[in-house]
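There are 2 protein chains.
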Amino acid sequence: MKLIDSIQRMAMLSKILKKESKTVGFVPTMGYLHDGHLSLIKTAKQHTDIVVVSIFVNPKQFSPDEDLASYPRDIKRDEEMARLAGADVLFNPSVEDMYPEGYATYVDVKGPADTLCGKMRPGHFRGVATVVIKLFGIVKPDIAYFGQKDAQQSIIIRKMVEDLNMDIYIKVLPTVREKDGLAMSSRNTYLSEKERMDALCLNQALEKCEEAVKSGERDAVKIIKMMEKIIKAKPTARIDYIEAVDMKTLRAVSTVSGGTLMALAVFIGKTRLIDNAILNP
Amino acid sequence: MKLIDSIQRMAMLSKILKKESKTVGFVPTMGYLHDGHLSLIKTAKQHTDIVVVSIFVNPKQFSPDEDLASYPRDIKRDEEMARLAGADVLFNPSVEDMYPEGYATYVDVKGPADTLCGKMRPGHFRGVATVVIKLFGIVKPDIAYFGQKDAQQSIIIRKMVEDLNMDIYIKVLPTVREKDGLAMSSRNTYLSEKERMDALCLNQALEKCEEAVKSGERDAVKIIKMMEKIIKAKPTARIDYIEAVDMKTLRAVSTVSGGTLMALAVFIGKTRLIDNAILNP
Numbered sequence: 014m015k016l017i018d019s020i021q022r023m024a025m026l027s028k029i030l031k032k033e034s035k036t037v038g039f040v041p042t043m044g045y046l047h048d049g050h051l052s053l054i055k056t057a058k059q060h061t062d063i064v065v066v067s068i069f070v071n072p073k074q075f076s077p078d079e080d081l082a083s084y085p086r087d088i089k090r091d092e093e094m095a096r097l098a099g100a101d102v103l104f105n106p107s108v109e110d111m112y113p114e115g116y117a118t119y120v121d122v123k124g125p126a127d128t129l130c131g132k133m134r135p136g137h138f139r140g141v142a143t144v145v146i147k148l149f150g151i152v153k154p155d156i157a158y159f160g161q162k163d164a165q166q167s168i169i170i171r172k173m174v175e176d177l178n179m180d181i182y183i184k185v186l187p188t189v190r191e192k193d194g195l196a197m198s199s200r201n202t203y204l205s206e207k208e209r210m211d212a213l214c215l216n217q218a219l220e221k222c223e224e225a226v227k228s229g230e231r232d233a234v235k236i237i238k239m240m241e242k243i244i245k246a247k248p249t250a251r252i253d254y255i256e257a258v259d260m261k262t263l264r265a266v267s268t269v270s271g272g273t274l275m276a277l278a279v280f281i282g283k284t285r286l287i288d289n290a291i292l293n294p
Numbered sequence: 014m015k016l017i018d019s020i021q022r023m024a025m026l027s028k029i030l031k032k033e034s035k036t037v038g039f040v041p042t043m044g045y046l047h048d049g050h051l052s053l054i055k056t057a058k059q060h061t062d063i064v065v066v067s068i069f070v071n072p073k074q075f076s077p078d079e080d081l082a083s084y085p086r087d088i089k090r091d092e093e094m095a096r097l098a099g100a101d102v103l104f105n106p107s108v109e110d111m112y113p114e115g116y117a118t119y120v121d122v123k124g125p126a127d128t129l130c131g132k133m134r135p136g137h138f139r140g141v142a143t144v145v146i147k148l149f150g151i152v153k154p155d156i157a158y159f160g161q162k163d164a165q166q167s168i169i170i171r172k173m174v175e176d177l178n179m180d181i182y183i184k185v186l187p188t189v190r191e192k193d194g195l196a197m198s199s200r201n202t203y204l205s206e207k208e209r210m211d212a213l214c215l216n217q218a219l220e221k222c223e224e225a226v227k228s229g230e231r232d233a234v235k236i237i238k239m240m241e242k243i244i245k246a247k248p249t250a251r252i253d254y255i256e257a258v259d260m261k262t263l264r265a266v267s268t269v270s271g272g273t274l275m276a277l278a279v280f281i282g283k284t285r286l287i288d289n290a291i292l293n294p
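Protein chains in written order, with the numbering used here: chain A, 14 to 294; chain B, 14 to 294.
No lab work stands behind these hints: they were computed from the structure. Be aware that a few hints might be false.
Said to hold, decoys possible - Taking lysine to any residue and the SDA-like style, the derived pairs with C-alpha atoms no more than 25 Å apart in a straight line are:
#	chain 1	residue 1	chain 2	residue 2
1	B	Lys28	A	Lys73
2	A	Lys73	B	Lys35
3	A	Lys123	B	Glu33
4	B	Lys73	A	Gln21
5	B	Lys123	A	Val108
6	A	Lys73	B	Asp180
7	A	Lys31	B	Lys184
8	A	Lys184	B	Arg139
9	A	Lys184	B	Gly136
10	B	Lys261	A	Ala117
11	B	Lys123	A	Val174
12	A	Lys123	B	Ile20
13	A	Lys123	B	Gly150
14	A	Lys123	B	Glu109
15	A	Lys32	B	Ile156
16	B	Lys123	A	Lys184
17	B	Lys73	A	Lys31
18	A	Lys31	B	Lys35
19	A	Lys132	B	Gly115
20	A	Lys28	B	Gly140
21	B	Lys123	A	Ala117
22	A	Lys261	B	Asp180
23	B	Lys132	A	Tyr119
24	A	Lys73	B	Lys184
25	B	Lys261	A	Lys123
26	B	Lys32	A	Asp180
As the list claims (entries may be wrong) - Pair by pair, the computed Cβ-Cβ distance ranges are:
#	chain 1	residue 1	chain 2	residue 2	range
27	B	Tyr254	A	Pro72	34 to 40 Å
28	B	Asp180	A	Arg90	28 to 34 Å
29	A	Lys192	B	Tyr182	48 to 54 Å
30	A	Asp87	B	Tyr182	34 to 40 Å
31	A	Arg90	B	Tyr254	30 to 36 Å
32	B	Glu206	A	Ala265	30 to 36 Å
33	A	Lys207	B	Val108	56 to 62 Å
34	A	Gly115	B	Tyr254	21 to 27 Å
Nothing here was measured: the structure is a model prediction, and the numbers come from that model. We put the CB at the ideal spot given by N, CA and C, even for glycine.
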């Protein structure tokens with residue numbers, strides 16, 4: 014596995030790979046890899062000739078009061094894990110290389126970026142779309158891989174790629190969970206033992222939702238109330254949002270149907286976790 | 014010369030050309046071609062294997078009170094002129110194909126897009142950057158050609174390409190002028206005979222500016238006052254702006270130096286014309 018920390022060298026390699034007609038799979042991450050990332054890397058390795066994993070922690074998607082400084086980093090561990098999962102290149106550019114003095118260009122995806130996490134984290138998805146389009150420009154992937162856990166993110170990236178006529182296929186893979194159901198996330202490392210227990214409430218609420226839908230409930234407000242109850246029972250939990258939305262537009266729906274995404278964000282102590290389920294009534 | 018009006022077919026052709034290692038030169042225009050455009054096409058033909066010219070009139074760069082509906086169009090004439098200049102493909106997608114229902118993605122270049130024409134035409138350069146990144150995605154050029162007349166536009170596009178790590182070389186060619194000095198523009202067709210005479214004041218003012226600089230004047234305010242005088246002498250002329258700016262950042266300068274761009278926009282009757290000169294004291 015090659016380690017590349019310069020944009021210029023990564024772009025040069027991408028150009029050579031294109032010339033050699035090699036297909037490139039790309040897994041953009043912010044590092045501190047977990048099994049969710051590894052499942053993306055392994056799948057990419059099955060689909061494409063060369064798999065590039067980026068571990069750039071993107072400052073533009075954090076607001077000043079968020080956890081940029083404390084975001085977990087461990088490059089040695091990432092190297093080892095990416096290599097074992099089959100990555101061919103680990104790309105880790107510097108902030109100065111990605112956003113030099115005078116950097117000025119931003120991408121906005123109106124609509125799907127304005128709901129859910131976009132409402133709570135203004136500017137977040139502008140930062141995400143901007144870094145992803147930059148990474149796409151450097152890596153020139155044929156297929157890029159995202160996790161269903163960050164549902165809104167992958168919907169926004171897909172919309173951006175479609176709107177800007179980019180020739181990249183966006184593949185979204187299922188959320189990988191711990192044995193007890195907690196969705197894998199680099200931020201899980203922030204949780205204390207007590208919080209780690211309480212954090213199960215996100216998945217428990219989603220399971221409750223799926224059960225209710227299975228028994229015929231279609232009223233989004235009623236379902237969300239049931240979910241709230243489960244989460245509010247946990248002392249360290251504070252709901253940021255629970256919303257039933259259309260899977261494509263991310264607009265709120267009042268009745269659950271096929272293609273409804275139930276999404277939630279919950280603070281467990283100071284750690285903000287997200288999770289979601291696509292409902293199939 | 015091929016005529017292509019579908020994005021899908023254009024994108025397919027671009028992909029084939031890439032596979033065949035053909036270099037692609039791209040001249041994005043809004044049609045109603047003139048000698049300025051033809052000089053871009055001819056130069057592109059010297060540099061690259063295949064020259065694509067687009068003539069899409071981009072609604073996103075017009076504000077509601079601007080001349081979108083009346084913008085001059087003559088596809089037959091464009092076809093003939095592009096063919097004679099050596100274009101290989103004339104690309105003319107529909108508005109519905111470029112901006113389908115639910116279109117959501119926009120590119121902003123902060124800083125250079127906020128001055129000069131950007132101040133007077135809010136949203137204009139967002140529209141320009143957005144359509145150009147889309148066209149780049151579809152055409153996949155190696156080199157794209159722009160005219161110096163639209164100085165701010167090419168500075169913004171260059172900044173976008175640099176910031177977003179796009180592998181495209183932006184080539185800016187000198188403004189082509191009528192024999193009497195008027196900068197070529199599709200909008201010149203709006204001018205009455207009387208206005209056509211008055212319109213010379215833009216170039217006359219720039220010539221006066223260059224003369225003053227040659228004789229040692231460096232004070233931007235003084236030079237701009239001289240220019241204003243020339244333009245105000247024309248009954249149909251109304252100044253939108255005259256500004257001396259840094260050629261790269263487009264920030265106003267008070268002292269003229271190498272790398273100063275003198276830019277102006279003037280309404281001649283209802284027609285808004287722009288022109289500029291790079292100063293070399």
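A quick look at each hint next to the structure:
Annotation: proposed proximity of B:Lys28 to A:Lys73 is violated, straight-line Cα distance about 32 Å (limit 25 Å). In summary, the hint linking A:Lys73 to B:Lys35 is not supported, as the alpha carbons are separated by about 37 Å, beyond the 25 Å threshold. As the CA atoms of A:Lys123 and B:Glu33 are separated by approximately 37 Å, the hinted pair breaks the 25 Å bound. For the proposed pair B:Lys73 and A:Gln21, the alpha carbon gap of about 33 Å is over 25 Å, so the pair is violated.
Straight-line distance between C-alpha atoms of B:Lys123 and A:Val108 comes to about 19 Å, which keeps the hinted pair within the 25 Å bound. Restraint check for A:Lys73 and B:Asp180: the C-alpha separation of about 22 Å stays at or below 25 Å, so the hint holds. Only pairs whose Cα atoms come within 25 Å are accepted, and A:Lys31 paired with B:Lys184 is accepted, the gap being roughly 24 Å. For the suggested pair A:Lys184 and B:Arg139, the alpha carbons sit about 29 Å apart, so the restraint of at most 25 Å is broken.
Proximity of A:Lys184 to B:Gly136 is assessed by CA-CA distance (about 33 Å); at most 25 Å being required, the pair is judged violated. The suggested pairing of B:Lys261 with A:Ala117 holds, with an alpha-carbon distance near 13 Å, which does not exceed 25 Å. Using a Cα cut-off of 25 Å, the hinted pair B:Lys123 and A:Val174 holds, with the two alpha carbons roughly 22 Å apart. For the proposed pair A:Lys123 and B:Ile20, the alpha carbon gap of about 22 Å is at most 25 Å, so the pair holds.
Note on A:Lys123 and B:Gly150: the hinted pairing holds, with a Cα-Cα distance of about 20 Å set against a maximum of 25 Å. Annotation: proposed proximity of A:Lys123 to B:Glu109 holds, straight-line Cα distance about 18 Å (limit 25 Å). Pair hint A:Lys32 plus B:Ile156 holds up; C-alpha atoms about 18 Å apart against a cutoff of 25 Å. Note on B:Lys123 and A:Lys184: the hinted pairing is violated, with a Cα-Cα distance of about 31 Å set against a maximum of 25 Å.
Distance hint between B:Lys73 and A:Lys31 is unfulfilled; the C-alpha atoms sit about 33 Å from each other, more than 25 Å. Straight-line distance between C-alpha atoms of A:Lys31 and B:Lys35 comes to about 13 Å, which keeps the hinted pair within the 25 Å bound. A distance of roughly 19 Å separates the Cα atoms of A:Lys132 and B:Gly115; the hinted pair therefore holds under the 25 Å criterion. The straight-line distance between the Cα atoms of A:Lys28 and B:Gly140 is roughly 29 Å, outside the 25 Å bound, and the hint therefore fails.
For the suggested pair B:Lys123 and A:Ala117, the alpha carbons sit about 5 Å apart, so the restraint of at most 25 Å is met. Between A:Lys261 and B:Asp180, the direct Cα distance comes to roughly 31 Å. Violation of the 25 Å bound is thereby established for this hinted pair. A hinted pair counts as satisfied when its Cα atoms are at most 25 Å apart, and B:Lys132 with A:Tyr119 qualifies at roughly 18 Å. Distance check on the hinted pair: A:Lys73 and B:Lys184 sit about 30 Å apart at the alpha-carbon level, beyond 25 Å; violated.
Distance check on the hinted pair: B:Lys261 and A:Lys123 sit about 29 Å apart at the alpha-carbon level, beyond 25 Å; violated. Straight-line distance between C-alpha atoms of B:Lys32 and A:Asp180 comes to about 14 Å, which keeps the hinted pair within the 25 Å bound. Judged by the Cβ atoms, the range 34 to 40 Å given for B:Tyr254 and A:Pro72 holds: they are separated by roughly 35 Å. At about 32 Å, the beta-carbon gap between B:Asp180 and A:Arg90 stays in the expected band of 28 to 34 Å.
Between A:Lys192 and B:Tyr182 the C-beta distance comes to about 53 Å, which sits within the given range of 48 to 54 Å. Distance hint check: the CB atoms of A:Asp87 and B:Tyr182 are about 39 Å apart, consistent with the given range 34 to 40 Å. Taking 30 to 36 Å as the suggested C-beta distance range, the pair A:Arg90 and B:Tyr254 does not conform, at roughly 56 Å. Between B:Glu206 and A:Ala265 the beta carbon distance is about 59 Å. The supplied range of 30 to 36 Å is therefore violated.
For the pair A:Lys207 and B:Val108, the supplied restraint of 56 to 62 Å holds, since their beta-carbon distance comes to about 57 Å. The hinted range of 21 to 27 Å is satisfied by A:Gly115 and B:Tyr254, whose Cβ atoms lie roughly 23 Å apart.
Violated hints, in rising order: 1, 2, 3, 4, 8, 9, 16, 17, 20, 22, 24, 25, 31 and 32; the structure is consistent with all others.
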